[in-house]
Amino acid sequence: MNAPVIEVRNLWTRFGRQIVHRDITMTVYRGEILSIAGGSGSGKTTLLRQMLGLETPGRGEVRVLGRSLHDGDAEELRKLRARSGVLFQQGALFSALTVFDNIALPMRELKTLEEDFIRDLVLVKLESVGIEARHATKMPAELSGGMVKRVALARALALEPELLFLDEPTAGLDPDRSESFVQLLRGLHRELCLTVVMVTHDLDTLVALSDRVAVLCDQKLIALGPVREVAQNTHQFICNFFQGERGRRAVEAANKREDEPNACLAGPVEKQDT
Amino acid sequence: MRLSGVWNLRALEPLMPAVEARLAEYGGGKAAWDLTDIQTLDHAGALLLWRAWGRRMVEQLRARPEHTALFSRFQLPEPPALRQRRHPITGPIRVLGLGMLSFIEHVQGFVVLLGRVALDVVRLARHPARIPWKEISANLYRTGAQALGITALVGFLVGVVLSYLSAQQLRAFGADLYIVNLLGVAVIRELGPVLAAILVAGRSGSAMTAQIGVMRVTEELDALSVMGIPHTLRLVLPKMFALAIAMPLLILWTNAVALIGGMVSAQLQLGIDYRYFIASLPAAVPIANLWLGLAKGLVFGMFIALVACHFGLRIKPNTESLGQGTTSSVVTATTLVILIDAVFAVMFSDVGSFV
Chain A
9 MNAPVIEVRN LWTRFGRQIV HRDITMTVYR GEILSIAGGS GSGKTTLLRQ
59 MLGLETPGRG EVRVLGRSLH DGDAEELRKL RARSGVLFQQ GALFSALTVF
109 DNIALPMREL KTLEEDFIRD LVLVKLESVG IEARHATKMP AELSGGMVKR
159 VALARALALE PELLFLDEPT AGLDPDRSES FVQLLRGLHR ELCLTVVMVT
209 HDLDTLVALS DRVAVLCDQK LIALGPVREV AQNTHQFICN FFQGERGRRA
259 VEAANKREDE PNACLAGPVE KQDT
Chain B
8 MRLSGVWNLR ALEPLMPAVE ARLAEYGGGK AAWDLTDIQT LDHAGALLLW
58 RAWGRRMVEQ LRARPEHTAL FSRFQLPEPP ALRQRRHPIT GPIRVLGLGM
108 LSFIEHVQGF VVLLGRVALD VVRLARHPAR IPWKEISANL YRTGAQALGI
158 TALVGFLVGV VLSYLSAQQL RAFGADLYIV NLLGVAVIRE LGPVLAAILV
208 AGRSGSAMTA QIGVMRVTEE LDALSVMGIP HTLRLVLPKM FALAIAMPLL
258 ILWTNAVALI GGMVSAQLQL GIDYRYFIAS LPAAVPIANL WLGLAKGLVF
308 GMFIALVACH FGLRIKPNTE SLGQGTTSSV VTATTLVILI DAVFAVMFSD
358 VGSFV
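Chains as they are written, first to last, in the working numbering: chain A, 9 to 282; chain B, 8 to 362.
Be careful, since some hints might not be right.
[What the hints assert, rightly or not] Between beta-carbon pairs, the in silico distance windows are:
id : chain 1 : residue 1 : chain 2 : residue 2 : range
1  : A       : 226       : B       : 138       : 47 to 55 Å
2  : B       : 138       : A       : 27        : 40 to 48 Å
3  : A       : 237       : B       : 46        : 26 to 34 Å
4  : A       : 240       : B       : 330       : 52 to 60 Å
5  : B       : 67        : A       : 102       : 17 to 25 Å
[What the hints assert, rightly or not] From the derived model, a few chain B residues whose C-beta atoms are all more than 12 Å from chain A:
id : residue
6  : 22
7  : 58
8  : 100
9  : 107
10 : 133
11 : 214
12 : 217
FYI, nobody ran anything at the bench for these hints, they're computed from the structure.
Just so it is clear, CB atoms sit at the ideal spot from N, CA and C, and this is done for glycine as well.
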């Protein structure tokens, strides 16, 4: 296996009296796409937010790229943040800035890049998510739902992160858009060798993209493994989730597709020198 | 040229100018380039090379296929003029015209809102069961009861300051006793109502605008619309009623506290007895002044609520509009308070005058 990128160790979360996570331990490896699945309210998004350092778990530890999120100084955490990109469920584009400025913002924050380099880089990012340059001057309110997701993805990728977090990447998109967004994600994953952690309800997306799936249910991590193995699991929730009409169709469709090996998983482990 | 190492944004970012300069030295697109030893390449690294080659691909290039793929993104069109959105400045005439048009539009919108509210009032008069009592009471508490502290503080201080400054002048003329008349009329007729109204405009007006604005952003306004509940009935009317009730009460409160402040100061400065101050107040200030002040409060309250709702309902679903709307709401409400006050002063100039 490749090097671990995110390690979650014995994590407990509670909101008031309600326990959300009970002793969850999992690892995300470099170059894989890991999906977190589970019913509504099973704490998927909370787990994602804890991996991002936006929330602190009650007990346990989350380590990202070998560093703990809960101690260490602010400067180190900032550097860590720059190495990961996040696509929020609603896009979270800054509504007062144009598309261009939204993507340029994190680059400008570095304070070391020249403005015309930033301009070229933003256009490359837009091109890579399939948005034409003429949309760059639009405001987020003028974009359709699918375009908002694409622009938000471009912003998430602005600082060339190694680690990409996706919160419900295809929620709110029609099946056609959602399919093309999945294609886009798969293409970018291969092109940039990203490690992706994704929270999703959408079975088609989950089956089409994931290398491994983590299933949360009843406060626990009940399964973790490749999609096909998890789909065979006999736990009641997983049965309902994967063996339902929709689930079977999605898994069958995935089986029919030619299996393309994940180039990034096979690739050499990157050395961390400069 | 043979390149090696890590060519990603994180590694390059601190030494960007130096690397750019070195690359430029090596003759741009003329040389043959070998990128096969590069471990990591991302869009930023590839872009750096591509720019060094004069914004085009070099002919003699050896690279790993996954790295070559990155360069395929660079059929960049000439970037469109990104600053196009900035309005060209075509002189002050345009600014003036736009200002006038927007003013007219605001007045129009305000009149329409007022009309809708009036229609709602008529409807409620026919079906009294529909009056949103709960909303009115909640607003009354928020805009009235919770504003008692700040109005008391400001009122007291203004009373003290006014009394202190007047006392110095009055003493020069030996007219010490007239402090009661001066303070009484100034506070009850003008300062109390205007102070309270300006504080409420800043405090509750901004809150109302922001609340309605956020409801627009979260589509709650649309949810109300599709349920067939008019915005004016559920949002505007209760606020207006509540402020129309709360404002006169707040004014009464502010007046009282400001007079106490003035009284304390007068006692300290001029040695005027508390009992004398209170006893001579009714004679010094005709009661019409109090009614005038309270009537002003009623009008102020209604207008502050209306202006706040007017700007709140115009907010567009983005953060900038929210900030702008709230600012405009407070500025307009404050200006309007002073304007209405002036109108009252002219209209009722011979009411409550004292000899």
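Tell me the hint numbers this structure goes against, listed in increasing order. 5, 6, 7
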